Amino acid sequence: MVNVFGVNFHERKFVKKALESFYGLGPQTSARIMAKYTIHPLARIGAIPHKTATALTAELSTMTIEMDARRIVQDNIKRLRDMGTYRGRRHAMGLPVRGQKTRTQTETAKKLNTLERGGTSSRI
Amino acid sequence: MASTNCWRCLARPSQRLLLAPASMTAASSNPTSAAFSTSTQLAARSTSGDTGMSRHIRTGKRLILGKKKRQGDKHKTPGPGERKAFRKRIQLSNDNALVVPGLAELTAQNVVDPGAVGQVVGIPVDVVDQLRTCEAFKSTQNWGLFRSPHMLIRKETVDMAQQLTDAVAKKETLRMVVTGDRGSGKSILGLQALATGFLNKWVVINIPEAQELTTAATEYSTVHNSDMFSQPVYIVKLMQAIHKANGPILSQCRVELDHMQLPISVTRNMSLAALINATKEPEFAWPVFQAFWKELLRPGRPPIMFALDGLAHIMRVSDYRSPAFELIHSHDLGLVRMFAEALGGKTPFPNGAAVLAVCSRGNAPILPSMDKALEQAAAIQAGAKAEEVPLRDAFYRKYDERVFEALRGVRVLDVRGVTKHEARSLMEYWAASGVLRLRVDEKNVSDRWTLAGGGVLAEMERVSLYDIRATV
Numbered sequence: 001m002v003n004v005f006g007v008n009f010h011e012r013k014f015v016k017k018a019l020e021s022f023y024g025l026g027p028q029t030s031a032r033i034m035a036k037y038t039i040h041p042l043a044r045i046g047a048i049p050h051k052t053a054t055a056l057t058a059e060l061s062t063m064t065i066e067m068d069a070r071r072i073v074q075d076n077i078k079r080l081r082d083m084g085t086y087r088g089r090r091h092a093m094g095l096p097v098r099g100q101k102t103r104t105q106t107e108t109a110k111k112l113n114t115l116e117r118g119g120t121s122s123r124i
Numbered sequence: 001m002a003s004t005n006c007w008r009c010l011a012r013p014s015q016r017l018l019l020a021p022a023s024m025t026a027a028s029s030n031p032t033s034a035a036f037s038t039s040t041q042l043a044a045r046s047t048s049g050d051t052g053m054s055r056h057i058r059t060g061k062r063l064i065l066g067k068k069k070r071q072g073d074k075h076k077t078p079g080p081g082e083r084k085a086f087r088k089r090i091q092l093s094n095d096n097a098l099v100v101p102g103l104a105e106l107t108a109q110n111v112v113d114p115g116a117v118g119q120v121v122g123i124p125v126d127v128v129d130q131l132r133t134c135e136a137f138k139s140t141q142n143w144g145l146f147r148s149p150h151m152l153i154r155k156e157t158v159d160m161a162q163q164l165t166d167a168v169a170k171k172e173t174l175r176m177v178v179t180g181d182r183g184s185g186k187s188i189l190g191l192q193a194l195a196t197g198f199l200n201k202w203v204v205i206n207i208p209e210a211q212e213l214t215t216a217a218t219e220y221s222t223v224h225n226s227d228m229f230s231q232p233v234y235i236v237k238l239m240q241a242i243h244k245a246n247g248p249i250l251s252q253c254r255v256e257l258d259h260m261q262l263p264i265s266v267t268r269n270m271s272l273a274a275l276i277n278a279t280k281e282p283e284f285a286w287p288v289f290q291a292f293w294k295e296l297l298r299p300g301r302p303p304i305m306f307a308l309d310g311l312a313h314i315m316r317v318s319d320y321r322s323p324a325f326e327l328i329h330s331h332d333l334g335l336v337r338m339f340a341e342a343l344g345g346k347t348p349f350p351n352g353a354a355v356l357a358v359c360s361r362g363n364a365p366i367l368p369s370m371d372k373a374l375e376q377a378a379a380i381q382a383g384a385k386a387e388e389v390p391l392r393d394a395f396y397r398k399y400d401e402r403v404f405e406a407l408r409g410v411r412v413l414d415v416r417g418v419t420k421h422e423a424r425s426l427m428e429y430w431a432a433s434g435v436l437r438l439r440v441d442e443k444n445v446s447d448r449w450t451l452a453g454g455g456v457l458a459e460m461e462r463v464s465l466y467d468i469r470a471t472v
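So the protein sequences, as listed, match chains A and U.
With UniProt numbering applied, the first sequence covers 1 to 124.
With UniProt numbering applied, the second sequence covers 1 to 472.
Bound-form chain A, shown alone (with noise of 0.2 angstroms):
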């Protein structure tokens, strides 16, 4: 098991995977935090140097990312909310912000529409 930013991952599990299971960290900032690394895409997180590990744990503590990217999120949420917007009511009741039907197909918008988008829970 090898520990990156406070999340045990498993040797096989590739890097660029283990990077982007955090929140607000996709495929283009993972390519990039890579290459500075020089770490190329097909890396297994144990084939890692532990120095590499470690500069890869400091690197993600100066991002935005986790509880802090969620926070923005919901920030914005909670201030069109508090506004009394309509955007604001329809995330407040689960139910589609920007005008489409809701006579069937808003399992997307049940899913994601809520004060609390993106969960509250962290990984770390």
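Quick caveat, the hints were computed from the structure, so don't treat them as lab data.
Note that the structure is predicted; figures quoted are calculated from it, not measured.
All C-beta atoms, glycine included, are put in the ideal place defined by N, C-alpha and C.
Take every hint as true, because none was put in to throw you off.
Cβ-Cβ distance ranges computed for the label pairs, FRET-style:
hint, chain 1, residue 1, chain 2, residue 2, range
1, U, Val389, A, Gly46, 48 to 56 angstroms
2, A, Arg32, U, Gly79, 28 to 36 angstroms
3, A, Thr54, U, Asp319, 23 to 31 angstroms
4, A, Arg32, U, Tyr399, 24 to 32 angstroms
5, A, Lys17, U, Val317, 21 to 29 angstroms
6, U, Asp126, A, Pro49, 32 to 40 angstroms
7, A, Asp68, U, Lys280, 41 to 49 angstroms
8, A, Met63, U, Pro299, 53 to 61 angstroms
9, U, Gln240, A, His10, 25 to 33 angstroms
10, A, Ala58, U, Gly81, 26 to 34 angstroms
11, U, Val389, A, Met63, 50 to 58 angstroms
12, U, Pro350, A, Glu20, 48 to 56 angstroms
13, A, Thr54, U, Ser93, 46 to 54 angstroms
14, A, Pro49, U, Gly81, 18 to 26 angstroms
We have chain A already, so just place chain U on it with the hints.
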């Protein structure tokens, strides 16, 4: 309207009538039963003690709804890496194949003998081991169909081996690119060149698949105080292969330079074999390999054969990215640059060397720069004057200057199909091994040779070895 027939046993009401005429009155006098169901009728009859009625017991499978009990998986799934190992395995002998007696062995003499053209020769056992170590055999080649590895000496083989040995004897550098159609035997020619190198006791360094270096599938790291990148894990593997394949030659050479900057201690009385085997640490691999290369280039060392398969892959921008997130050109990777400089004639080889680059057609990116550079090199080799050399396309901007530089002044060996004489001896060998069940005569050889597009070897194998039913 539901049928009154029993759908399982195909008994008809008329037959029932014949069997039990008395039952009809009972059935017709039962007005409560629905017309579309016979089950209540049947039940009524059984309770009324009407035994004369033939009853149909429904046997066999019943539909069971709900979850099926899962059977435990009896097959063991392959472990990690097992499938790939199976896919990449190299099988060099087959006990089911017949022994072919009376074939000569490959020697340093007959590989350069024009009289040996068209012979099938066996590869000596120790050379087989060396070739296997430097991964010259490929899993796509049909070695596994025969008792022991044999190969055909063709005209190109002798031609190439002669050029190699002549250049090395004169302590010159031969820089050669092997091109040709798909399946024409370029990789086998590369293998024959490596075998020549081993037989002549040269130091042979082989990069079996160039794409392993540039498709971003192996570790890379920056090199301190340089714009290059090293590929430490691959280099450790390569150093071990060099040590294993060339051990006896390298152990006769002593270290002559001081390598103060190396992270490992290297003394003067150390042999080169010990130097290259000194480290398995990926961190130290590149400096140690550079030191080894520097030592090899000192005067008085054995000649070098540096070969690579899949040239096109190192003539393009690689899939690696630099820390600044820019794509890295393949020639900025340490090992690739080493090869490109040797191929381009920038590295001086005081002891003579052969730098051989084999192209591949099945798996190669399309590179206008490389095509043009090889076209120009072939024209110069054919004795074209300066103004006859094909020019670059004036309207194409993406020519890569580094490719032209790496291929400047190379010799081009164009491999085509074998002659009918060579095809015949090869087919005789196949027939003697028991793989080809066919009388080898003028007509059949000509037949296969033509089917194979004029003796293209892979196609000949396809029409002769794979489709056995058609030949019986």
